Amino acid sequence: MLDVPPAGARAGIHAAANILSDSEKIVRDQVLRVTARNEEQIALLRVLGEQEELQVDFWRHPNIPGHPVDLRVPFPNLQGVKKLLDFRNFSYSIMIEDVQELLDEEKESMRRSRRVKRSSRTFDFASYHTIDEIYDWMDVLVEDHPKLVSKIQIGQSYENRPLYVLKFSTGGSNRPAVWLDTGIHSREWITQATGVWTANKIAQEYGQDPSVTAILDSMDIFLEIVTNPDGFAFTHSSNRLWRKTRSINAGSRCVGVDPNRNWDAGFGGAGSSSNPCSETYHGPHAHSEKEVRAIVDFIRAHGKVKSVISIHSYSQMLLFPYGYRRAPAPDHQEMNELAKKAVSDLAAVFGTKYTYGSIANTIYMAGGTTIDWAYDNGVKYSFTLELRDSGRYGFLLPSSQIVPTATETWPALLDIMVHVLEHPY
Amino acid sequence: MELPPSHFPAARAAAVAVGYLRYLRGGPGRGLQLREVRSARRQDIDDVGHKYYLELELEDVLDKGSTVNCTAEVLYHLGSKTSAPDVQVTVQGELRSTEQADKEFYNRIRSLEKELEAENIPDSHGNVPPELEPIHLLAWAASGYVIWQNSTENTKFHLAQVKHVKQVKRSDEDLQFDYVLLLHEMVSQEVLPCGVSVLWHPQRGARVCHGPGSA
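These protein sequence lines are chains A and B, in that order.
Quick note on numbering: the first sequence equals residues 578 to 1002 in this note's numbering.
Quick note on numbering: the second sequence equals residues 5 to 219 in this note's numbering.
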């Protein structure tokens, strides 16, 4: 029952440390696990804890008989405490023989893990991550590329989660900018994952790839990876196929608004629903959703956003305005040509076939979409991407396809951004 | 009238045709999906409905190197909420044989001590354990039937997930699986649960019974 800690080498090292230290070193302190058989023993343990000179500290408090009580006992008082326990017929065992050693090991392992985690390049891009993991990684990316990347907060979600945007900039003041967002529909997990990969790619390629360098030497890029954080958290905790925001709808038991029907362009029109229980519920009014409002305010205040690329899944399409009307937009021809090129360059990577065209003609009528609003508010080059796949896995795209998807999408994004750079307006 | 092959009226009709074909020819060893709509034409027939003529390029997900061409006709009945579209599909050439894979799957399931039961295929990360892949493909084939039966010109269905599957022991030679499928409808974006009972046999292929639990 009473396990004597092995003497010898360990004792030697720590004895030396004991002499040297003046900070609170808990050398050779032990943690004892005690089981109280009845209420009387519980009371005794409590009394033990109250005796200040023993400096016993409970890691697990005495509460119910039969439940283990863990107490850390400082080295000098070990003998005394154990004598007391034996005298009172407590059964106990030594749970941790040397607390300091454990702490040292833990510190070392955390240091090792931080060294590994702390590089944005060693993040596992081929897995789906939680919101916390993505937010942590964003800080790492900023740390790794302090002169290029910064993180800004543009607002808060309905459930008060921060809305973070990565800013890629080589300087200047109020340069023309490209806006990218992923994850506005939370169940489209391939998009947030692609956003992470793409953020890393942009940071990596500045100074390496001529196109990226040219773009960032004149323009800024803003990338919001988790555009709907409440929905995203919900897909992890409760319903993998949740699409909308998580705002409460007055007078309805149904939650959430479709953030891609909530924009003030053809708001409330065909392809959106006035029923709060619907997946395409447009909301009580345009920009009612904080997640949408934050982007609207940001783009308006910025004043020089030249392109909005909103990334969704699935269907393998590259779409441009309009969704709220069938008639072609004034810049239809130019957008169509650009889409054709982008889709061709995407297909060149792995053979993935995309279709392209205006939202209303290619996929369905949809009022109140992001890119319609952007286009009608002066952002000429507004595109929506629908990433892989074409239906076999749909929203549940295998994580093994994250890197291939992001890899093939990259040239399409570059095509658009280069075109924006070369066609200032 | 000619239709742009990549735009939605053609795409929706193509999805119905492929769903129908997947039901007829799909199974645990074959998953047919659309690669491209080559051409599409629509004919409006007075007092009858809209008829789509399609040229499709398909592929078997288990044999991605080769493509299969087919022609299809999809007739959506006028004003119909209750009857399924009429579909005809003609496959050009032969589909790769699945005899070996079918036999292996059949024997494996027959030799299970306990009836197979599983859920969430794929899981949240899109993973399907290799031993459940045939179950997933069979569900995909069965979903083809449901999609065909429930489609209109204003819908486009895909199988989102197999929520649950339970094998039901039978006294005859068929395998029976009762599925709860989640179907994603693209236009409304709704995810709809649907229970189907599926019989399958290597020679007889997949058959959907109306309602779970029925023989």
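Some hints could be false.
Computed spacing ranges between beta-carbons, pair by pair [to be verified]: (1) A:Asp-922 to B:His-129: 25 to 31 Å; (2) A:Lys-930 to B:Glu-6: 42 to 48 Å; (3) B:Asn-158 to A:Ala-827: 28 to 34 Å; (4) B:Glu-123 to A:Lys-930: 45 to 51 Å.
DMTMM-like, lysine to aspartate or glutamate: derived pairs with alpha carbons at most 20 Å apart [unchecked claim]: (5) B:Lys-118 to B:Asp-90; (6) A:Lys-917 to B:Glu-40; (7) A:Lys-930 to B:Asp-182; (8) A:Lys-930 to B:Glu-135.
Some chain A residues judged to face chain B by a derived CB distance under 10 Å, without partners named [said to hold, decoys possible]: (9) Ser-892; (10) Tyr-933; (11) Asp-966; (12) Leu-973; (13) Ser-976.
Simulated from the structure, these hints should not be mistaken for lab results.
As the structure is a prediction and not an experimental result, all values here were calculated from the model.
For every residue, glycine included, the Cβ atom is placed at its ideal position computed from N, Cα and C.
Evaluated hints:
no. : hint                               : in the structure
1   : A:Asp-922 to B:His-129: 25 to 31 Å : holds, 29 Å
2   : A:Lys-930 to B:Glu-6: 42 to 48 Å   : violated, 20 Å
3   : B:Asn-158 to A:Ala-827: 28 to 34 Å : holds, 30 Å
4   : B:Glu-123 to A:Lys-930: 45 to 51 Å : violated, 32 Å
5   : B:Lys-118 to B:Asp-90              : violated, 40 Å
6   : A:Lys-917 to B:Glu-40              : holds, 16 Å
7   : A:Lys-930 to B:Asp-182             : violated, 34 Å
8   : A:Lys-930 to B:Glu-135             : violated, 29 Å
9   : Ser-892                            : holds, 8 Å
10  : Tyr-933                            : holds, 7 Å
11  : Asp-966                            : holds, 9 Å
12  : Leu-973                            : holds, 5 Å
13  : Ser-976                            : holds, 5 Å
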